[in-house]
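Number of protein chains: 4
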Amino acid sequence: MSYRVGIINVTGFAGIEAARLLLNHPEARIVAATGRSLAGKRLAEAFPALRPYRDLMITAEIDASVDVVFSALPTGESAKACLPFINAGVKCIDVAADFRLREPGAFEQWIGGGQPHPAPELLSEAVYGLPELNRDRIVAARIVANPGCYPAASVLALAPAFAAGLVTEQVVVDAKSGISGAGRGTGGGYSYSEVNEDTSAYKIASHNHQPEIQQELAALREGPAPKVTFVPHLVPMTRGIHATCYAPLSGRASQREVDDVYREFYDAAPFTAVVDSPPHTKHTLGNNMCLVHPVVDERNGMLVSIGVLDNLVKGAAGQAIENMNLMLGLDQTAGLDLAAVYP
Amino acid sequence: MSYRVGIINVTGFAGIEAARLLLNHPEARIVAATGRSLAGKRLAEAFPALRPYRDLMITAEIDASVDVVFSALPTGESAKACLPFINAGVKCIDVAADFRLREPGAFEQWIGGGQPHPAPELLSEAVYGLPELNRDRIVAARIVANPGCYPAASVLALAPAFAAGLVTEQVVVDAKSGISGAGRGTGGGYSYSEVNEDTSAYKIASHNHQPEIQQELAALREGPAPKVTFVPHLVPMTRGIHATCYAPLSGRASQREVDDVYREFYDAAPFTAVVDSPPHTKHTLGNNMCLVHPVVDERNGMLVSIGVLDNLVKGAAGQAIENMNLMLGLDQTAGLDLAAVYP
Amino acid sequence: MSYRVGIINVTGFAGIEAARLLLNHPEARIVAATGRSLAGKRLAEAFPALRPYRDLMITAEIDASVDVVFSALPTGESAKACLPFINAGVKCIDVAADFRLREPGAFEQWIGGGQPHPAPELLSEAVYGLPELNRDRIVAARIVANPGCYPAASVLALAPAFAAGLVTEQVVVDAKSGISGAGRGTGGGYSYSEVNEDTSAYKIASHNHQPEIQQELAALREGPAPKVTFVPHLVPMTRGIHATCYAPLSGRASQREVDDVYREFYDAAPFTAVVDSPPHTKHTLGNNMCLVHPVVDERNGMLVSIGVLDNLVKGAAGQAIENMNLMLGLDQTAGLDLAAVYP
Amino acid sequence: MSYRVGIINVTGFAGIEAARLLLNHPEARIVAATGRSLAGKRLAEAFPALRPYRDLMITAEIDASVDVVFSALPTGESAKACLPFINAGVKCIDVAADFRLREPGAFEQWIGGGQPHPAPELLSEAVYGLPELNRDRIVAARIVANPGCYPAASVLALAPAFAAGLVTEQVVVDAKSGISGAGRGTGGGYSYSEVNEDTSAYKIASHNHQPEIQQELAALREGPAPKVTFVPHLVPMTRGIHATCYAPLSGRASQREVDDVYREFYDAAPFTAVVDSPPHTKHTLGNNMCLVHPVVDERNGMLVSIGVLDNLVKGAAGQAIENMNLMLGLDQTAGLDLAAVYP
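Protein sequences, first through last, are from chains A, B, C and D.
Read the first sequence against the working numbering and you will find it ends at 343, with the numbers running on by one and no gaps.
Read the second sequence against the working numbering and you will find it ends at 686, with the numbers running on by one and no gaps.
Read the third sequence against the working numbering and you will find it ends at 1029, with the numbers running on by one and no gaps.
Read the fourth sequence against the working numbering and you will find it ends at 1372, with the numbers running on by one and no gaps.
Isolated chain A, as found in the complex (with noise of 0.2 Å):
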């Protein structure tokens, strides 16, 4: 019995890192893959890499029956493309944005461009895709709305800290990425020649992923809402998050102390670790874990704590794949116990 997956967009490099993925599962394929420019060749053929795809071939539409989709749109545009079959019944997960923040409105000004949500009605129903938290309601969804690569480092790095009440509501989120993130085909501003050698912040305090972090870690306590300063960068490596997250100790809290409720949340989890030393990147290229790595730096009060992960796999295919598990009631761990690639 084998489970049967589409894939919307399977050319950006979400779309890629889920074949590349899905190969490696033992219950699942895919039977049906879309892109725009790249439609009418084989998958194997417009990517090498995916050499394995020789007869799988890039369509237009989704043209096969499906038991679940995943959508890899870019952002603003996946939620029209999954309404059909959010409709149809199939299992839907938005790799993109377009699920994640609640709040009516937040849509229109973070992602949309000013333009409104297509299905604002079905924005309460769709669950935040992070098993750590919501593993439950993942089970039963129909819409898993998958995290940014950004919060998926950052949430898990200070959910046990925020749900313990072991910190105050003002947070800072330092984070790194790799150029990958910034997706394929976006064009002059990513070149070899000008990204190399560089790091760079941008979007500093005006990145849609600030209020998805606010609104995930407002959602682990009762109390002030989290007030999130944002700042991502690109460090010149294709795969890779690095969250430094700050956050000021609300009481008097030891190392040990801190590591003891860090322990204790991720006991269940099969994809986060708290790790004893700082984490690399490099640690979890290409497979799907989060190393999270808890400091008290008692001198000024304030805890540290960051989170790694590879952006293209727990930062987004990987951890579509471990919902997909979830919600087809599977062992959430199919097709994902990987070594990461090293060195």
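No wet-lab data here; the hints were simulated from the structure.
Mixed in with the good hints, there may be bad ones.
Pair by pair, the computed Cβ-Cβ distance ranges are [said to hold, decoys possible]:
| hint | chain 1 | residue 1 | chain 2 | residue 2 | range |
| --- | --- | --- | --- | --- | --- |
| 1 | D | D1289 | B | G448 | 27 to 35 Å |
| 2 | A | E298 | C | G800 | 14 to 22 Å |
| 3 | C | G726 | B | S549 | 37 to 45 Å |
| 4 | A | E264 | B | E404 | 37 to 45 Å |
Some chain B residues close to chain D (C-beta under 8 Å, calculated; not the full set) [unchecked claim]:
| hint | residue |
| --- | --- |
| 5 | T511 |
| 6 | V515 |
| 7 | M580 |
| 8 | H585 |
| 9 | V618 |
| 10 | D619 |
| 11 | P621 |
| 12 | P622 |
| 13 | P686 |
From the three backbone atoms N, C-alpha and C, an ideal C-beta is built for every residue, glycine too.
Let chain A serve as the given structure and place chains B, C and D on it in line with the hints.
Just chains B, C and D now, with coordinates in the frame of chain A:
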């Protein structure tokens, strides 16, 4: 049923990669793995990238019964470590160069630093582990000499032309390698700041892969011995071999004729593909493919043929698993039907 | 007329960079340069990049009369080597950290590994060599403590806001550095294969640049001592520091007010520029600029201020030459009016 | 006294580099610089790396009287833009390929995409701007065809052997280039995520630098025309050319004899040095050196000769300034006696 694999020196890059790939293998698993400085640690602790190996201990010696052993020790130290296993009837795959050069004295001259081979009587028995050339002999072998990363790419790029007599014996192989080819713990010469943004050649016409390439090309046809000028280069990437091979055409051969010869030669090979445009090393990152691209330079009567692969997969650990599959009677592609990691 | 410069430990990255930049200086030249393992070699032979130094011999000791000496020895070894020159009336610029922390005991705690400072009586005399803050005192100094690469970027990013009282004392500095910051000959931890395609933090809230930043911010105003949580990161590039600094606004300040404060503060500074969009480290590669970019995050009442520079130029050797110019009564920009290397 | 330089298309990488280097020139300065999309901006504003050019405006046309003009327009568009200056008696250095191939019809075939050269009568007058070969003719030239980056490295690596008759005419040039060789604004094909961690060949035996290399080698001796198989590769670094050249020895020549021939040939050349160990591209990053390293492969009767340089300096803008110096009667090295940027 699952075959039991032992890895000697799991802590080098080839050993780490074998561990990564074997996680994916349906019919074999690592039951023992040695290391020197890291003995006593769990594999997942020594290398966070290998997180699924939470229970496997690195030991000083192979301490379990095994069906097959990989040696990933440095060249010159490997043969001695393999002997007890060979003598005990364990199938042995030497990822180092110790069993590759069959001519008496070649080990001493090129590899052993003046020391003789510890078991010269086995050199003629060891099979050069390139299934594209020696499949049947690998199936029957007790000892497989796993090819060097440069020779794997170079010989696969040139073999069809050599076997068909399309080219003369004077060959140039200009090869470019990622830095991981230099191995782990190789110290100051490969520090990031010095190697990044740099290309350089080394061991010009004096690398021990030169006689290895010559030996394997010589085995493909009668006639004058191949004369191979081999120049390896380091380019600033972690993984990948790009071998650009040049051989004067012995007669007139059209591009189409050459293509036909190549495609027929590799028709049944699951892991070597003839491609229509210049291949990218990145299209093989993390998988076991070798992509070959022959071009006829009509103006100058020269064949240019390119072979690319991942030095740690088809150039080391993946090739070793492919050889293991054949030696154990398994499907040649078991555990290896992977997409490359892209981007 | 040409001033005579001696460089102690020309063979580290800061020493090499000082040699590169001084080639371009109209009124100073290197007459002696020491090294340890490389003593007896010509500088151009030891470092082919320094080809114009065909005649300068690396020696064990400074063996010529000099007007000014730079020490580029490792932190902890430098003060001792500087003493004979200071005592002999030679102007001394210490590129290491040995004269930076003025508080008694700080050297012992943060830098000397428990050993006391070899000349604690000089600590109060040494001037912190950031001309943007201390120009007049540098002009008159016998000893200049050249700033650390991280503090240079961080203090320049925060100084105007601190001096003007715009922010509270609780500061986060999240800094990203190229790998050359780790120095030459730092061995296995920084091998290309392990550092490439990786981002990681280190010495979280425990780096000796943390008290250095605190000390310099404290000097800018009365009131509670700054509490700086400083987290350095390594990103895969050779050169560059990107310091992203976060400080809660103490009142309401508009973007425009902040911009005005910053521009006025740096109005006369030849090497620090306030820029209108997020600066790129690459825009300072090889020159002595620090680019500063303050942003008001109104939603959260937070000032985000970025400082970028080349760790080996404005963060080390270029800054040292700028200080030398001031100490010798030369134009502050002599030899330093350079474009960055782009791309 | 300062000569007045105009740069046509200052906004490409070669133009930017010319601007960087000319800052350092004691007797020449840019008085006019054109660009297309960026006309109307200050140069320092368009390219923050060129900060010292705060007052120079990018214009649509050269709008000042100039003594010499550099054209850094794309190949195929450059000759036409040079003609008015040549006709007006302004010394002209074409950094593009438009004046390089002297044979009638070669422009049309290799460069112009089928279009004829706009001023074929000038092709025989234009001097190929490699001072190591043509110094006296450059001194007297009105038009200099600045060499291509690949030919500069390749011809300098082979010229002494060719001129001395040490090698036969069948040559292989395997060249590796950093990505900046592809130019600025070359769009999607060179995005970081796709080019990073990748090596690939392109235009195999069909690049227009192939006839250029042949032409210049042919000029060095009588006898059969050189047959050059030229294969360019892209490696993941920003700058640098590494040309590895292979030519069968025509007789027996020892390493010592070859070294002597090379050293004598370049004895008076300020910017080409024969080195004793394999040169690194990084040792020329940002300066005007070409490092040459010939090796005799005695076993195979082959000369391997390597040339490395920075494609934007000795391979473009630095070479242009060197040519300018000669054309204006200045010291050949004026403004160019630079160290490389290292690390």
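Structure-based check of all given hints:
Roughly 34 Å separates the CB atoms of D:D1289 and B:G448, a value that falls within the hinted 27 to 35 Å. Separation of A:E298 from C:G800 is about 20 Å and conforms to the stated range, judged on CB atoms against 14 to 22 Å. A hinted range of 37 to 45 Å is violated for the C-beta pair C:G726 and B:S549, which are about 28 Å apart. Against the hinted window of 37 to 45 Å, the Cβ-Cβ separation of A:E264 and B:E404 comes to about 38 Å, which satisfies the hint.
Because the closest C-beta pair between B:T511 and chain D is about 11 Å apart, greater than 8 Å, the hint is violated. With 8 Å as the threshold, the beta carbon of B:V515 comes within range of chain D, its nearest partner Cβ sitting at about 5 Å, so the hint holds. Interface hint at B:M580: satisfied, since its Cβ lies 5 Å from the closest Cβ of chain D, which is below the 8 Å cut-off. Because the beta carbon of B:H585 sits about 4 Å from the nearest beta carbon in chain D, less than 8 Å, this interface hint is met.
For B:V618, the interface hint is violated, since its Cβ never comes within 8 Å of a Cβ in chain D; the closest pair sits about 11 Å apart. Interface hint status for B:D619: violated, as the beta-carbon distance to the closest one in chain D is roughly 12 Å, over 8 Å. Proximity of B:P621 to chain D holds as hinted, the smallest CB-CB distance being about 4 Å (cut-off 8 Å). A distance limit of 8 Å between C-beta atoms decides the matter here; for B:P622 the minimum to chain D is near 7 Å, and the interface restraint holds.
The criterion of a C-beta within 8 Å of any C-beta in chain D is met by B:P686, whose closest approach is roughly 4 Å, and the hint holds.
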